[in-house]
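A.B. asks: Listed below are the residues making up each chain.
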Amino acid sequence: MTLLETDEGLEGYEDHPDVPPAQHDDDHGADDHDRPVPSPVEAVDVAQALGTLRAPTSELCQALHLRVETLLEQLFFTTLYIETSYADGRKASGTGFVYNVHVGGG
Amino acid sequence: MVTNKHVIEGAETARLRFVACEDDTMSAPLLGQAHHIDIQAPGTLFTGHPTGDVDVAVLPISPGVSRLKEHGQFVFFRAVTSAVSMDDASVQTLDAMEEVTFLGYPNGLYDQVNFLPIARRGHTATPPAVDYGGQPVFLVDASVFPGSSGSPVFLAQTGTYSIRNTGAYVGQRVMLLGVLAAVYQRTVPVLQVPTATASFVRDAIDIGIVYKARTINEAVDVALAPHGLKRSSEEPPDQVAQPSASQDPLSEQ
Chain L
1 MTLLETDEGL
11 EGYEDHPDVP
21 PAQHDDDHGA
31 DDHDRPVPSP
41 VEAVDVAQAL
51 GTLRAPTSEL
61 CQALHLRVET
71 LLEQLFFTTL
81 YIETSYADGR
91 KASGTGFVYN
101 VHVGGG
Chain P
1001 MVTNKHVIEG
1011 AETARLRFVA
1021 CEDDTMSAPL
1031 LGQAHHIDIQ
1041 APGTLFTGHP
1051 TGDVDVAVLP
1061 ISPGVSRLKE
1071 HGQFVFFRAV
1081 TSAVSMDDAS
1091 VQTLDAMEEV
1101 TFLGYPNGLY
1111 DQVNFLPIAR
1121 RGHTATPPAV
1131 DYGGQPVFLV
1141 DASVFPGSSG
1151 SPVFLAQTGT
1161 YSIRNTGAYV
1171 GQRVMLLGVL
1181 AAVYQRTVPV
1191 LQVPTATASF
1201 VRDAIDIGIV
1211 YKARTINEAV
1221 DVALAPHGLK
1231 RSSEEPPDQV
1241 AQPSASQDPL
1251 SEQ
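From first to last, the protein sequence lines stand for chains L and P. 72 is the number that the numbering used here gives to position 72 of the first sequence; each next residue is one higher, with no gaps. With positions in the second sequence counted from 1, the corresponding number in the numbering used here is that position plus 1000.
Treat the hints as calculated values from the structure; they're not laboratory data. Bear in mind the structure is a predicted one, so any value in this text is a computation, not a measurement. Accuracy of the hints is not assured; some may be wrong.
What the hints assert, rightly or not - Partial list, derived from the structure: chain P residues whose beta carbon lies under 10 Å from chain L:
hint, residue
1, F1018
2, G1104
3, Q1157
To be verified - Computed, partial: chain L to chain P, Cβ under 7 Å:
hint, residue
4, L71
5, Y81
6, I82
7, G89
8, S93
9, N100
10, V103
Said to hold, decoys possible - Quick look at which bits of chain P chain L covers, simulated, 3 or more residues with Cβ under 8 Å:
hint, segment
11, 1064-1078
12, 1087-1098
13, 1129-1143
14, 1160-1172
15, 1215-1227
Every residue, glycine too, gets a C-beta built ideally from N, C-alpha and C.
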């Protein structure tokens, strides 16, 4: 049995980087002019930094809209891509999904 | 959010990526755009399942999503509600072999233009009602690859489907069966010519390990307890198991 990490031996990960170079936070290319720029935020318990990604072609074809109506269409929007970085420079990826629970006082 | 412990353990940072939405109505996704939340030392913020070897972890994301909204960054997602999670009652509606659907990012693969995951299908390889090996897991016969860790595993049936010991129905039903965590591998010898020495590679045998949905609730309970909170049921637990063509089991929040 092996865990499903993508932290080693996964050349495809390097071949298909998550974020195109022009979208890194440190990059200040021309595209940044159109990108919503978040104002400085205080550190919070969950989110320490916020940002925006854009697909490479979104500037050219405009954002596409998809009606999400059927059960199977909705399933495509239950997951989140998780990209992790490690102290030794490794990067890995995994999957998360949004789970909703109702809570009440104990 | 639900994922596996091993996805975030030891990481310095974790970036969660959401598909964007034009406004806060979640009416339609803005394909081609995404927003993200960066988390420092994610291992300290996630709550793991109380049993050490149960590879399930949860994180409240409402604060992060709210902060995105404050900055005009709206996201589109569908939340899986606890009402559609497999539990002791709904598992009795499942047969020993059922088709399963799971979504994720196998080998880091996804639609890089639209930021959509990859869906795959397979079948249960052990009866979902049985704890395989005495653990809260069942196996699936499916092509499972690294990067799929944390994928939700659904029973997603549309059209005609059957409920165990009941009959056939027309409509749709969805059930969250669990969280994909690992895959079995075998060691395959590789003969190297002309030296005739052998080396070995590890080959996935398409048998995946899924932690049952109840482990998610158990982890959520641990996360809520320090805040004096408990889960409360919002719908009858067996509602999803009933045939329904109009029910929308996925929520927008």
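A.B. asks: All the hints need checking, so say for each whether the structure fits it.
C.D. replies: We went through each hint and held it up to the structure:
1. F1018: Given a least distance of 6 Å, the restraint on F1018 of chain P holds.
2. G1104: With Cβ-Cβ at 4 Å, under 10 Å, it holds.
3. Q1157: At about 9 Å, which falls below the 10 Å cut-off, the nearest Cβ of chain L leaves the hint on Q1157 of chain P intact, so it holds.
4. L71: 5 Å, holds
5. Y81: Where the cut-off is 7 Å and the nearest Cβ of chain P is about 4 Å from Y81 of chain L, the hint holds.
6. I82: Constraint on I82 of chain L satisfied, holds at 6 Å.
7. G89: 10 Å, violated
8. S93: 5 Å, holds
9. N100: 4 Å, holds
10. V103: Because about 5 Å separates V103 of chain L from the closest Cβ in chain P, which is inside the 7 Å limit, the hint holds.
11. 1064-1078: holds (count 9)
12. 1087-1098: violated (count 0)
13. 1129-1143: violated (count 0)
14. 1160-1172: It is violated, with 1 qualifying residues against the three required.
15. 1215-1227: holds (count 5)
Of the numbered hints listed earlier, those contradicted by the structure are 7, 12, 13, 14.
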